[in-house]
Amino acid sequence: MAEMKDITTAYSEALVEIGLADPRVVVLDADLPDSCKTEPFYKACPGRAIDLGVAEQSLPTVAAGLALAGKIPFYNTFAVFAVGRSFDMIRLSIAYARANVKIIGHAAGLSLGYAGPSHHALEDVAMMRALPNVVVLQPADAEECRQMVWWMKDYVGPVYLRLMRATVPNVHAEGWRFEVGKTELLREGSDVTLYSTGDLCVNALRVAEMLAGEGISARVVNVSTLKPLPPEEIIRHAELTRCGVTLEDHNIIGGLGSAVAEIYAEFAPGKPLRRLGIRDMFTESDDCEVLRDHYGLADADVVAAVHSLLDKT
Amino acid sequence: MTENRPPLKTPLVPERDQAFVRELKLKAVMVRKQIVEMGHHSRIRLHYGALMGMVEMVTLLYFHWLNVRPDDPNWPERDRFVLSKGHGVPSLYAVLAERGFFSKKHFDNFRRFGSILQGHPDRLKTPGIEASSGSLGQGLGVACGMALAAKLDGASWRTYCLVGDGECNEGSIWEAAMIAGNQHLDHLVVLVDRNRKSSYGPMAGRNDIEPLVDKWRAFGWAVFEADGHDFYDLSQAMARADVVEGRPSVVICHTIKGKGIPFVENYPAKPNILLTEEQYRECLDVLNRTEEAIRSGRDEGHHDRL
Numbered sequence: 055m056a057e058m059k060d061i062t063t064a065y066s067e068a069l070v071e072i073g074l075a076d077p078r079v080v081v082l083d084a085d086l087p088d089s090c091k092t093e094p095f096y097k098a099c100p101g102r103a104i105d106l107g108v109a110e111q112s113l114p115t116v117a118a119g120l121a122l123a124g125k126i127p128f129y130n131t132f133a134v135f136a137v138g139r140s141f142d143m144i145r146l147s148i149a150y151a152r153a154n155v156k157i158i159g160h161a162a163g164l165s166l167g168y169a170g171p172s173h174h175a176l177e178d179v180a181m182m183r184a185l186p187n188v189v190v191l192q193p194a195d196a197e198e199c200r201q202m203v204w205w206m207k208d209y210v211g212p213v214y215l216r217l218m219r220a221t222v223p224n225v226h227a228e229g230w231r232f233e234v235g236k237t238e239l240l241r242e243g244s245d246v247t248l249y250s251t252g253d254l255c256v257n258a259l260r261v262a263e264m265l266a267g268e269g270i271s272a273r274v275v276n277v278s279t280l281k282p283l284p285p286e287e288i289i290r291h292a293e294l295t296r297c298g299v300t301l302e303d304h305n306i307i308g309g310l311g312s313a314v315a316e317i318y319a320e321f322a323p324g325k326p327l328r329r330l331g332i333r334d335m336f337t338e339s340d341d342c343e344v345l346r347d348h349y350g351l352a353d354a355d356v357v358a359a360v361h362s363l364l365d366k367t
Numbered sequence: 030m031t032e033n034r035p036p037l038k039t040p041l042v043p044e045r046d047q048a049f050v051r052e053l054k055l056k057a058v059m060v061r062k063q064i065v066e067m068g069h070h071s072r073i074r075l076h077y078g079a080l081m082g083m084v085e086m087v088t089l090l091y092f093h094w095l096n097v098r099p100d101d102p103n104w105p106e107r108d109r110f111v112l113s114k115g116h117g118v119p120s121l122y123a124v125l126a127e128r129g130f131f132s133k134k135h136f137d138n139f140r141r142f143g144s145i146l147q148g149h150p151d152r153l154k155t156p157g158i159e160a161s162s163g164s165l166g167q168g169l170g171v172a173c174g175m176a177l178a179a180k181l182d183g184a185s186w187r188t189y190c191l192v193g194d195g196e197c198n199e200g201s202i203w204e205a206a207m208i209a210g211n212q213h214l215d216h217l218v219v220l221v222d223r224n225r226k227s228s229y230g231p232m233a234g235r236n237d238i239e240p241l242v243d244k245w246r247a248f249g250w251a252v253f254e255a256d257g258h259d260f261y262d263l264s265q266a267m268a269r270a271d272v273v274e275g276r277p278s279v280v281i282c283h284t285i286k287g288k289g290i291p292f293v294e295n296y297p298a299k300p301n302i303l304l305t306e307e308q309y310r311e312c313l314d315v316l317n318r319t320e321e322a323i324r325s326g327r328d329e330g331h332h333d334r335l
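As you go down the protein sequences, you meet chains E and Z in turn.
Position one of the first sequence corresponds to residue 55 (our numbering), numbered consecutively onward.
Position one of the second sequence corresponds to residue 30 (our numbering), numbered consecutively onward.
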């Protein structure tokens with residue numbers, strides 16, 4: 055396996071890089087520069103990082119004002135607050151106004167396991183996917199995160215970047231480049247397609263290896279652009295395999311599973327699909343990996359889903 | 030406007046600026062007439078109370094205060110004005126058209142499909158609209174962001190923001206107020222439209238925001254008060270607010286909801302109405318009489334000091 059790297063650390067480093075490269079980049083925090091690893095930006099670009107304090111509702115509005123005056127604000131807090139606390143502000147002052155704001159949702163999904171359901175962000179993708187004008191991204195690993203941050207600096211328009219607090223190996227092929235709106239084939243396969251997003255791509259690759267041991271050929275696809283998701287980006291995988299499984303650290307309503315299911319229903323009739331994720335319930339406190347296993351994201355759950363689908367095809 | 034026009038942002042005084050203030054008053058009458066026409070011809074319910082009450086503030090801003098270029102609305106060095114109380118946008122539309130940001134022919138299609146004049150402010154559709162608003166409590170945060178950007182750039186342009194007093198019930202207003210205080214945003218001036226009524230009726234004893242002066246002061250702001258219908262008084266307070274250093278300023282503008290049209294001023298609550306033919310005639314008659322009084326100088330000395 056390749057070298058392990060923390061996704062948030064990659065974000066932190068890339069943020070400093072783009073800050074040094076472009077004076078329009080500014081950073082907003084809501085009392086969490088330590089958790090969001092924005093502290094290096096304060097040192098590298100003094101004056102261009104502002105900690106508003108515990109004022110999550112004002113992150114989107116203040117960022118919108120900065121953007122309308124020509125800045126490129128990246129605002130940071132835990133995903134559950136970055137989106138949920140201030141959704142109306144994002145909707146009107148950023149999305150409707152097409153303000154060039156970059157929303158960074160840190161420690162998404164079950165990342166903050168022990169903190170419990172108040173801090174688990176399991177509906178943020180659903181909310182952001184429902185907003186016109188917004189691009190929704192989730193990197194699989196540190197390298198993809200780095201490339202996304204650079205892309206976000208140059209793209210003019212609102213972007214939601216969903217970050218897991220996870221240390222993972224590089225999953226990409228040599229020379230790979232991030233392209234918005236494109237799915238990434240991580241492993242060829244012909245029986246089942248495993249669609250995953252975020253650090254769960256690592257799990258999907260691991261499960262594919264397990265399935266290979268029993269003679270099942272699993273295709274692994276990284277869906278790092280959750281919106282826009284052009285149907286053809288899913289159809290091309292659907293057509294080459296007998297069935298599909300989606301894997302996400304999010305409610306199965308409104309996230310990756312929904313996005314893929316919408317395309318399967320309309321364009322790939324007859325191909326069965328299973329959505330793995332949090333099954334529309336409030337969670338409990340524990341270690342993130344323990345919770346993922348508990349809520350149906352264990353490798354064995356993925357394997358079982360594949361078995362049941364292949365039995366039907 | 031005439032050669033009597035003083036330089037932008039000069040505090041107005043009766044001895045010197047009488048002719049100019051007379052022109053501002055006439056503009057305010059034209060704006061009120063335009064609002065009445067807009068609502069009557071579109072057959073759409075309007076918040077006449079809120080719209081009439083803010084006319085002098087936006088008229089003063091666009092005809093004497095803001096450094097803007099109607100033919101180049103995105104000129105980078107312009108002053109910014111954010112209408113946080115977005116439901117007041119018909120008044121702003123009337124002023125922007127009067128100032129030349131867009132043609133008055135757009136009023137024919139006001140709030141209709143394809144119009145540049147939406148129900149609430151849309152910065153992408155309407156020249157001169159700086160921020161999309163309409164959900165209360167957001168505009169002040171946006172204005173803070175603009176003022177922060179100007180501060181980062183060392184720019185000289187200023188940001189002005191009009192907030193409703195009912196809107197001050199929103200927690201996000203005070204979150205933004207705290208940020209502006211902490212960030213020492215002295216290029217930011219807020220005007221509060223203090224008419225003491227929110228949509229459902231009087232605020233006293235229900236959704237009160239007093240002591241309002243103390244609240245803003247406690248959040249680190251310089252606080253001024255003015256008669257929101259008196260161009261002299263308003264401009265004096267604005268001039269004092271503009272020169273404050275090291276902290277943001279607020280001008281609490283005492284206004285009368287529905288100002289200028291007696292039956293709207295006295296409307297009990299919810300002045301979100303469709304004008305009857307009779308009410309429409311009454312509005313225009315009142316405004317015509319006001320206009321005649323201004324032209325003949327008969328209104329001098331009758332400012333509604335509160």
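Just so you know, these hints were derived from the structure itself, not from any lab.
Be aware that a few hints might be false.
Stated by the list, open to error - Cβ-to-Cβ under 7 Å is the rule here; a few derived chain E residues that face chain Z:
hint: 1; residue: V108
hint: 2; residue: V116
hint: 3; residue: A123
hint: 4; residue: L146
hint: 5; residue: H226
hint: 6; residue: I307
hint: 7; residue: G308
What the hints assert, rightly or not - To spell it out: a stretch of chain Z is covered by chain E in this simulated footprint if at least three of its residues, at any positions, have a beta carbon under 8 Å from a beta carbon of chain E; those stretches are:
hint: 8; segment: 116-129
hint: 9; segment: 195-204
Predicted, not measured: the structure shown is a model, and the values here were computed from it.
We put the beta carbon where it would ideally sit given N, CA and C, even for glycine.
We went through each hint and held it up to the structure:
Taking 7 Å as the C-beta cut-off, the interface hint given for E:V108 is violated, the closest approach to chain Z being about 9 Å. The beta carbon of E:V116 comes within 4 Å of a beta carbon in chain Z, closer than 7 Å, and the hint placing it at the interface holds. With a cut of 7 Å, the hint placing E:A123 at the interface with chain Z holds, because the nearest CB-to-CB distance is about 3 Å. Of the supplied interface hints, the one on E:L146 holds, with its beta-carbon coming within about 5 Å of a beta-carbon of chain Z, less than 7 Å.
With 7 Å as the threshold, the beta carbon of E:H226 stays out of range of chain Z, its nearest partner Cβ sitting at about 36 Å, so the hint is violated. Using the Cβ-Cβ criterion of 7 Å, the hint placing E:I307 at the interface with chain Z is not satisfied: the shortest such distance is roughly 25 Å. With its C-beta approaching chain Z no nearer than about 22 Å, E:G308 sits outside the 7 Å limit, and its interface hint is violated. Residues of the segment 116-129 of chain Z with a Cβ under 8 Å from some Cβ of chain E number 0, which does not satisfy the need for three, so the listed coverage is violated.
Remark: the segment 195-204 of chain Z is confirmed as covered by chain E, as 3 of its residues place a Cβ nearer than 8 Å to a Cβ of that chain, reaching the required three.
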